[in-house]
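> Protein sequence lines correspond, in order, to chains A and B.
Mapping of the first sequence onto my numbering: position 176 corresponds to residue 176, and the numbering continues sequentially without gaps.
Mapping of the second sequence onto my numbering: position 208 corresponds to residue 208, and the numbering continues sequentially without gaps.
Treat the hints as calculated values from the structure; they're not laboratory data.
Heads up, a few of these hints could be off.
Put simply, identical chains are the same to the list, so a pair is met inside one copy or across any two.
Said to hold, decoys possible - Calculated cross-link-like contacts (lysine to aspartate or glutamate; reagent style EDC-like; alpha-carbon spacing at most 16 Å):
id, residue 1, residue 2
1, Lys-42, Asp-185
2, Lys-170, Glu-30
3, Lys-25, Glu-159
4, Lys-116, Asp-138
5, Lys-45, Asp-185
6, Lys-29, Glu-159
7, Lys-116, Glu-72
8, Lys-170, Glu-139
9, Lys-211, Glu-188
10, Lys-116, Asp-88
Keep in mind that this is a model prediction, so the values were computed, not measured.
There are 2 protein chains.
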Amino acid sequence: MPSKELLNISLPALKRLPVYYNFLKSQEKEGVETITAPAIAKALKLVPIQVRKDIANTGITGKPKTGYGIKELLRAIEDFMGWTNTYDAIIVGTGDLGRALLGYEAFKTYGLNIVKAFDNDPNKVGKLFHNKEIHHVDELETCCKRLDVKTGIITVPAENAQEVAERMIKSGIIAIWNFAPAILDLPEGIIYQQGDIGISLSVLKKKLFDKLNR
Amino acid sequence: MPSKELLNISLPALKRLPVYYNFLKSQEKEGVETITAPAIAKALKLVPIQVRKDIANTGITGKPKTGYGIKELLRAIEDFMGWTNTYDAIIVGTGDLGRALLGYEAFKTYGLNIVKAFDNDPNKVGKLFHNKEIHHVDELETCCKRLDVKTGIITVPAENAQEVAERMIKSGIIAIWNFAPAILDLPEGIIYQQGDIGISLSVLKKKLFDKLNR
Numbered sequence: 001m002p003s004k005e006l007l008n009i010s011l012p013a014l015k016r017l018p019v020y021y022n023f024l025k026s027q028e029k030e031g032v033e034t035i036t037a038p039a040i041a042k043a044l045k046l047v048p049i050q051v052r053k054d055i056a057n058t059g060i061t062g063k064p065k066t067g068y069g070i071k072e073l074l075r076a077i078e079d080f081m082g083w084t085n086t087y088d089a090i091i092v093g094t095g096d097l098g099r100a101l102l103g104y105e106a107f108k109t110y111g112l113n114i115v116k117a118f119d120n121d122p123n124k125v126g127k128l129f130h131n132k133e134i135h136h137v138d139e140l141e142t143c144c145k146r147l148d149v150k151t152g153i154i155t156v157p158a159e160n161a162q163e164v165a166e167r168m169i170k171s172g173i174i175a176i177w178n179f180a181p182a183i184l185d186l187p188e189g190i191i192y193q194q195g196d197i198g199i200s201l202s203v204l205k206k207k208l209f210d211k212l213n214r
Numbered sequence: 001m002p003s004k005e006l007l008n009i010s011l012p013a014l015k016r017l018p019v020y021y022n023f024l025k026s027q028e029k030e031g032v033e034t035i036t037a038p039a040i041a042k043a044l045k046l047v048p049i050q051v052r053k054d055i056a057n058t059g060i061t062g063k064p065k066t067g068y069g070i071k072e073l074l075r076a077i078e079d080f081m082g083w084t085n086t087y088d089a090i091i092v093g094t095g096d097l098g099r100a101l102l103g104y105e106a107f108k109t110y111g112l113n114i115v116k117a118f119d120n121d122p123n124k125v126g127k128l129f130h131n132k133e134i135h136h137v138d139e140l141e142t143c144c145k146r147l148d149v150k151t152g153i154i155t156v157p158a159e160n161a162q163e164v165a166e167r168m169i170k171s172g173i174i175a176i177w178n179f180a181p182a183i184l185d186l187p188e189g190i191i192y193q194q195g196d197i198g199i200s201l202s203v204l205k206k207k208l209f210d211k212l213n214r
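Can you build the whole structure from these sequences, using the hints too?
This is the structure in C-alpha cells:
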C-alpha cells in the first residue's frame, strides 16, 4: 500500500472544499456578494462551526455579520486546492472510461490537462480521440521524461494495473490516479488516489439489492 | 443528507470484495483452482484474518490447508454483491461523463444496464449515443414508470443536481448515483451513492501540489 502522504488539512475537509466551491459559484451567479458560515451550513446541511473550520484552512476568515466575500473565498479555495496551477497528466488505457476522461472538459476547472494517451492495442495506436493521438505504451517513458509529466491516470483492466503503475514510476510519474479496481503495491512517496467507479457502483447496487430483497 | 442505509456488511469490507473478485478472476485465468486466505492477503497487502472475515460475509468458509475453491468463491461474491441480478438504470445528463457511462461496458459485470438517457438540450434530444436514444428530461417520469426503473444516475452540472434528483424520486427512482459535485437533500429511504470523480481528482491534485511546493 502507498505510504500516507502528509496533508495540511483533514481528508473530509479537503473533500468538502469543492462542494463549498460549487455552492459559492452558484451564489455568485445569482449576484450574491457576501455569505455567512451559517448560511453556507444551512444550504449544505452542515454545522456552522465545521464550515468555519474548513474554510479557515484556506486562510480566509469571515467578518462578523457579513461573513465571507464570495469572490475572495472562491479565489482562496482555488489557490488552496492548487486549481490555479495546471498540471499535465498522461493516461494509460483508452477503453470507454479512458476515452471519457480524455474528453472530460471539467478537468480544466481542477487544473488538470491530459496531454497524451497510451494503449497497447495496435488498432488504437495512431488514432485520435478527442483530438489527442494515442501512442503505444512502449513510448511512455520517453514521452513522460521529455514532457516532464508527473501525473498518471490508469484506466487499464485490473490485471494490468500494477505493471502500468510500475512503468509510470520508472517514467518519472509521482502521482497516480487509478481507476482499475485493483490494489496497487507502490513505493514510498508515490502519491496515490483511487478513482473507484466500479466500487462505488458495487456499493450502490448492494444497498439496492438488500433493500429490494429484505 | 440521506439517511444511513442498513447494510449487512461494513462499508470497507464491501469495498474490498470487488478487489478480491478481480484478484480471484486473474488467478482463475492462470488455472489456479484453490487459494488460501494468507495467499490472498499477501497478494493484496492485507492481513489473513481480515480476508477471512470479509469473505465470511458471502457465506463461504475456507477448508484447512486448501483454502477456498476459486470458482465457488467467485460465484459467492457475485451472488452476495447482487451482480447476478441485473438492474435497469436511467441517466440524466449526456455531457462527456454521461456519454462515457452510457458506453461503459464494464457496468455489465456489476449487473447494471443503462436503458435510457435524458438531457434538456434540444440539440441532443433524439440523437443516438452508444446506440441509445437521448430523450428530453420531461419524459423522465413517464419512461421510468413505464419501465419500472429504480436506479438513476446524475451527470448534470452541480447546480441542477438537486432538481434532477427530485424529478427522479417523483418518477419512482429509489437509488441515486450522483456524479455532480453537489450535496443533495434527499428524503429518508432513498439509497444514495456519490460518484466523486472531481473530488477524487481534487484530493490527488492537492497532495501533488503540497508535495511540489513544500
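> Each hint should be assessed against the structure and marked as holding or not.
Taking the hints in turn, this is what the structure says about them:
1. In the homo-oligomer, the alpha carbons of Lys-42 and Asp-185 lie at most 16 Å apart only across protomers (11 Å), although the nearest pairing inside one protomer, at 42 Å, exceeds that limit.
2. Taking identical chains as interchangeable, the C-alpha atoms of Lys-170 and Glu-30 are never at most 16 Å apart, the minima being 48 Å within one chain and 27 Å between chains.
3. Taking the shortest alpha-carbon separations for Lys-25 and Glu-159, only the inter-copy value of 9 Å comes in at or below 16 Å, while the best intra-copy value is 41 Å.
4. For the homomeric pair Lys-116 and Asp-138, the shortest alpha-carbon distance inside one copy (13 Å) is at most 16 Å, but the shortest distance between copies (39 Å) is not.
5. Proximity of Lys-45 and Asp-185 under a CA criterion of 16 Å is satisfied inter-copy only: 8 Å between copies versus 38 Å inside one chain copy.
6. For the homomeric pair Lys-29 and Glu-159, the shortest alpha-carbon distance between copies (10 Å) is at most 16 Å, but the shortest distance inside one copy (45 Å) is not.
7. In the homo-oligomer, the alpha carbons of Lys-116 and Glu-72 never lie at most 16 Å apart, since the shortest distance is 34 Å inside one protomer and 41 Å across protomers.
8. For the homomeric pair Lys-170 and Glu-139, the shortest alpha-carbon distance inside one copy (12 Å) is at most 16 Å, but the shortest distance between copies (51 Å) is not.
9. Within a single copy, Lys-211 and Glu-188 get their C-alpha atoms only as close as 41 Å, which misses the 16 Å cut-off; across copies the closest is 13 Å, which meets it.
10. In this assembly of identical chains, the alpha carbons of Lys-116 and Asp-88 lie at most 16 Å apart only when taken from the same copy (9 Å versus 35 Å across copies).
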